[in-house]
Structure formats: structure tokens, C-alpha cells
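Novice: Here's the letter readout for the chains.
There are 2 protein chains.
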Amino acid sequence: MTTIKDVAKHAGVSVATVSRYLNKKGYISEEAKKNIETSIKQLNYRPNQVARSLSTKRMQTIGLIVPDIMNPFFPEIARAIEDTALKEGYTVILCNSDEQAHKERQYIETLKQKYIAGFIIATNQLEREYYAGLNVPLVLLDRITDGKAPSVSSHNKNGAVLGTDYLVSCGVKEIACISGPQNVVPAYERTQGFLKAVEGLNIKTHVVESPFHFKEAEKTAFDLLSAHPGIDGIFAGSDVIAIGVQRAIHRLGLSVPDDIQIVGYDGISLGEMVTPSLTTVDQNIYQLGETAVKMLLKIIEGQELDKEHVMIAPSLIVRDSTKEKSK
Amino acid sequence: MTTIKDVAKHAGVSVATVSRYLNKKGYISEEAKKNIETSIKQLNYRPNQVARSLSTKRMQTIGLIVPDIMNPFFPEIARAIEDTALKEGYTVILCNSDEQAHKERQYIETLKQKYIAGFIIATNQLEREYYAGLNVPLVLLDRITDGKAPSVSSHNKNGAVLGTDYLVSCGVKEIACISGPQNVVPAYERTQGFLKAVEGLNIKTHVVESPFHFKEAEKTAFDLLSAHPGIDGIFAGSDVIAIGVQRAIHRLGLSVPDDIQIVGYDGISLGEMVTPSLTTVDQNIYQLGETAVKMLLKIIEGQELDKEHVMIAPSLIVRDSTKEKSK
DNA sequence: GTCGATTGTGTAACCGATTACACACAATAT
DNA sequence: ATATTGTGTGTAATCGGTTACACAATCGAC
Chain A
286 MTTIKDVAKH
296 AGVSVATVSR
306 YLNKKGYISE
316 EAKKNIETSI
326 KQLNYRPNQV
336 ARSLSTKRMQ
346 TIGLIVPDIM
356 NPFFPEIARA
366 IEDTALKEGY
376 TVILCNSDEQ
386 AHKERQYIET
396 LKQKYIAGFI
406 IATNQLEREY
416 YAGLNVPLVL
426 LDRITDGKAP
436 SVSSHNKNGA
446 VLGTDYLVSC
456 GVKEIACISG
466 PQNVVPAYER
476 TQGFLKAVEG
486 LNIKTHVVES
496 PFHFKEAEKT
506 AFDLLSAHPG
516 IDGIFAGSDV
526 IAIGVQRAIH
536 RLGLSVPDDI
546 QIVGYDGISL
556 GEMVTPSLTT
566 VDQNIYQLGE
576 TAVKMLLKII
586 EGQELDKEHV
596 MIAPSLIVRD
606 STKEKSK
Chain B
286 MTTIKDVAKH
296 AGVSVATVSR
306 YLNKKGYISE
316 EAKKNIETSI
326 KQLNYRPNQV
336 ARSLSTKRMQ
346 TIGLIVPDIM
356 NPFFPEIARA
366 IEDTALKEGY
376 TVILCNSDEQ
386 AHKERQYIET
396 LKQKYIAGFI
406 IATNQLEREY
416 YAGLNVPLVL
426 LDRITDGKAP
436 SVSSHNKNGA
446 VLGTDYLVSC
456 GVKEIACISG
466 PQNVVPAYER
476 TQGFLKAVEG
486 LNIKTHVVES
496 PFHFKEAEKT
506 AFDLLSAHPG
516 IDGIFAGSDV
526 IAIGVQRAIH
536 RLGLSVPDDI
546 QIVGYDGISL
556 GEMVTPSLTT
566 VDQNIYQLGE
576 TAVKMLLKII
586 EGQELDKEHV
596 MIAPSLIVRD
606 STKEKSK
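Those sequence lines, one after another, are chains A and B.
As numbered in the working numbering, residues 286 to 612 make up the first sequence, in order.
As numbered in the working numbering, residues 286 to 612 make up the second sequence, in order.
Worth double-checking, as some hints may not be accurate.
Any copy will do: because identical chains look the same in the list, a pair fits if it lies in one copy or spans two.
[As the list claims (entries may be wrong)] List time: in silico EDC-like cross-link candidates among lysine to aspartate or glutamate, alpha-carbon distance up to 16 angstroms:
id	residue 1	residue 2
1	Lys504	Glu557
2	Lys504	Glu484
3	Lys294	Glu322
4	Lys388	Asp368
It is worth saying that the hints were derived from the structure and are not from the lab.
Work the whole structure out from these sequences, hints included.
Specialist: Following this line, the structure appears as C-alpha cells:
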């Protein structure tokens, strides 16, 4: 590996000059600049990030903490984040907290020892105070929004209204919302959106809660639908929940969308793969991730944020788990 | 942040002694050891990984390169790898190559600058020579097996025989293998297993190729089944392909497993989520990832490997996309 | 009693960058 | 003529560890 010293010697200048060139700081003559450039090319020099980090106390690495990598929403957002970060010269360490606070804490501690530049956090395990005491740039993604740390998320309430309105427009007579855990902020907001949308309508409604897991959602839906056979429309708190619901309906010998119509939330690609494919509220996952990275990099570089809390507008994707009334 | 100097001062010894204690190298008196231990605790000292890496030229970080993070197989294996690595004190950088050689190369170069300890590579974009010239510990996962680099993979041929035999035992009369791309080694091996299993049987067989993507697989299956309506059994080269096949069958107005039975390959959790759930050959994904990490760490630590090429035995998971003859 | 091996510790160089500081020189202002 | 400012560059300290080397002390062996 060639070092900055090799380059300096080869270009006939001091290491300080080379370093100034690399970081575009201070004055450099045209001549020195040219020499350094050719030396770097000839020697195929790449600065050692570790040595650089030891001085600057900052690695070109960001940590992404997700609660469950097996939930397909998170690989999709991870991909967007990674893609954007790589373009900006950062690499991403993906950390799976398994929804366990101690794992999350362990990751954060470990990565601080590696001079991580910042975190994007899509978890709500640890307390806000903990993050506040961290003293590391961070952006919250899709989870907590308490005003203290910058955040980016889908406009969950609007999205839920969008999805519920559509379901109603498809002519359902008795509607259920199978939401995610209400202590998870987006799940709560989506439920609020649902309630707002059905408010004043002359439609029988139910709200039940389920974890963001396929199997539990299936069970919850199975029980609900067995108890209330009149339900003909379901707004699910996430696409994974919606898919669990589909299976429950299938087990009950009913059909989607003929007997029961479903609208999901997320817009993960899995929604296209299931049969019937899923009508859903699309969070615009790529944009969500991209925005989070850009915000984080601004914070890292000490720039002002235009907005502390960004909400990405969701949109509706109509597929085969609903059927329009006119048809 | 407390440094090794602080600890040394507090414990009344030199930094060298503290360092020796930390690395369990050389002689240390019981007394010094005790002092250092209490000092570390009192000061809440954690060694700075970056500084350490600058000396040792090695980070406690491993790079995992996958071709497509949106393919659910890879998050599952990533989770296993991350889990195992974290237990051993390593963090994982997950890199998504998008099946593009230049992205893969860019990751490798970037990470070498960060003194990455080693790579686990689940891609076959770059040439073997490139890896050979890398001079970094690496383990190939589920892809190339050319004898030059250590590898771990499912015993694909056996697995394919297992799956095909089962399909045959379910009474299918005309069977198709919709394989992954034949230039991808495991896909090729699975096809070989399929051919071996049907050899000599008096069953009409077809073999067609499809990318490991849901939509293309759906199209391939649709065309194949339209052309050969007699097909009543399909062995898919992966679970994602199998799910595409399911959709094609559904579009054709046929039913799984009554009209056509399907066996997939991988054992991803998605297989449980679709309707009907998927009978499949389970690669034992967690074990695959765990083994890869353990092998890599041995190489990093300069130990001898028991076996250069590990093959994990697959097993069959029977679900609802097949039906046993007796029933 | 001297020798060599074993045990224990400290000093200082080193890993490869960044950067404060000093210094030199030219151009401009007073 | 002198002071000030703007350019351009090099020396050396620093980041926080690791480790080669030197040196002491202790111990059993001959």
C-alpha cells in the first residue's frame, strides 16, 4: 500500500501539502497540484481511511439500525440507504437489533469505538434520553417523532386515510383495521388515519392490534373474522400483516377480493408476489431512505437542515386484493 | 473518551502493560492485572478500534457482499452472519452489488482502505483471479466453488434429488424444472440433481431457465405451461421462482396443488407466507451463514481449516403446494 | 557464586493520516 | 520605506493504540 509519504516524496513536496491537496484546504500552487495529481495516479494511491479517522475522529461509515431484517420492509429501505450512501462515499453498517434494547445498545457502543459518522435508526427500543446523551449525529427513520431528533417518515395518517377511503369506495359494508402495535408510532398514526376516514360513515368498524409479524397477524385475523363473519373489508397496518390476513381468509374458505377486500400499507415488492396481489398504500420506500441519508450527511457536515421533520407523501397502488365498485 | 494512557496512569503502570493485558500477550503480574482491571472498570474504558486497527492493519469488521438484497434469501443469510459475527466481536458491513461487477469492485476497494478483516462473498460477478490477487481472507458463500478459495454451500445436487424424488412420489406424470441461470453454480448443480432424479423414470420432463426473479419466473412458467398443458409437477430452482410459478398457475386458472404441484428450493420464510404455502428443500440458511463466519474467522486468525469446502445437508419441508399420493 | 532462563515492566518507535505553527516571499497599502 | 495581507510550503505534534527492545529482578542449576 502506498502512503501519503510515498506520494509526497514522488511529487517532491511535503506530506502536509499532499494532505492539503486531498482535503482541498489551504493554498497550493498549480505546480504542486499537478505534481501531486500525477504522483497519485502513478502510484495508484488511495488514502488510508483508518489513519484519517484516527485524526479526524470520524469514519466515512454510517450505522443503520433496524428492528427486524427479515421483515421485507427493512431490506428495501436498507437498499435505498446503502445506494445513496455509497454515492456520497459512505459505507453502511447494517445492524439488526431483533427488537432487543441490549443488542441495539451493544451496536451503538461498538460502532462508537469505530468512530462511526452517524446513525439512522429505525427502532424504538431505546429511550430518547439515551440517544440524546450519545452526542453522535443521527436521524430517526419511520419510528419515533418526538421533536428532539430529526426524523423522516411516511405521512402515516394521510396514507391511512387514502387507503381507507379507497376501501370504502370499493363498497365494503363492515370494515376492520388490523393495526400494528399501538406503542409503535407509525402504527398508531395509521390507526388514527383509519378512524378519521371512517368517522361519521355509516359503516360498522372494528380495530384490533397485531404484531408486525405474519403468523400473529394470521391468527389475529382468523379469530376476528370467525367472530365477525360480516366483515368484508380490511385495512392492514402493514403489508406483512395484510399477507397474514390473506392467509387467514384463505383458511376460512373465503376469497379475496370477492368475499373480503384488503388494503395494505408499505408498498414492499412482496405485495406483487402474493396471489392475489395486494392493493396497498405505498410509502415510497426508496425516497424515504434517500432522504434519511441526505439529512444525516447534512448533520454530519454541520449544515443546517431545511426541515427537522420530513414527511414523505404516500400514494395508493391498486392491485387485485380490492375491486372497484363499478366493475 | 478515556484512552489507554488514562488507564495506565490510573493503574500506576505503563501503556505497554495495559496493552499487554488487553491483548493477553506477554507477562503481567497478578497485582498489575488487578489494578488494570479495576481502572478499566472505574474509567469505563473501551479500546479505540480505529487506533488499534492502524497498528494491526486489521479492523474487527467483515464485509458481506450479496448480489441482491431484495431477494429474501439474502436478508436471511445476512441475519445469520451478523448474529454470529456480533457474538465473536465483529461487525458486518452489508454490501449489495446489484449483480454489477463495478459496484462489487468499488466495495472491495473501499473496504480494503478501511482495513476490513475479511469478506464473505455471495456473488459471482468478479473473476477468480481478481479475488486471488486481493490478499484478504475470504469465504465464498453459496456461489462459486472452484477449489481456490474456501467455500460453504448447500449440497445442491442432493437437495435437488430430495425435492424431485418427493415430487415424483406425489404422483406427478409430467414434470418441469424451472431452474435459475445455469452460469450460477448452485442453479446448475440443482438442475443436475433434478436430471439425476428423473433419469430412467418413465416421466416426461422439461428443463427451462429463468433469472432468480419473481416476474421473469412467472413469465417463463406461464409460457411453458401454456405450451405444455400436461405438466402437473414443477421443481423450481429457488423459492422465489416457485412463487412466480404459483402466480402463473393462478393466472392460467389452475390450482396448486390439485392441478400442478410445486417444490421450491431455499427454505426462506416467505415460503410459509404465500398461499398455498410452499413445499421446499430447506438449505438450512442459518447454519450456512454461521459456518461461513466461523470459517472466515479461522482464516483471519491464521488457523487451519478442517475442511476447505463445506457442504450443508439440505432437508425437505412439506407444506401445501404438494399433496401426498396416499391422500 | 556465576549462568541462563523466566518473569515483569517501561521507553520509544511506529501505523498513516491531519493540522497548528512557523517561516518565506510577493503584492499592496500607508 | 515600512507595514500588512495573501500565498505557498515544511516541520513536527497529534490521534490512540501495538510492539520491538532494553533492562531488572528472581530462581533453580551446576
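Novice: Hint by hint, say whether it matches the structure.
Specialist: Consistency of the hints with the structure:
1. In this assembly of identical chains, the alpha carbons of Lys504 and Glu557 lie at most 16 angstroms apart only when taken from different copies (14 angstroms versus 23 angstroms within one copy).
2. For a Cα distance limit of 16 angstroms, the shortest separation of Lys504 from Glu484 qualifies neither inside one copy, at 27 angstroms, nor across copies, at 43 angstroms.
3. When the C-alpha separation of Lys294 and Glu322 is checked against a cutoff of 16 angstroms, the pair qualifies only within one copy, where the shortest distance is 13 angstroms, while the shortest distance between copies is 45 angstroms.
4. Only between protomers do Lys388 and Asp368 lie at most 16 angstroms apart by alpha-carbon distance; the minimum there is 10 angstroms, versus 25 angstroms within a single protomer.
Checked against the numbered hints given earlier, this structure breaks only hint 2.
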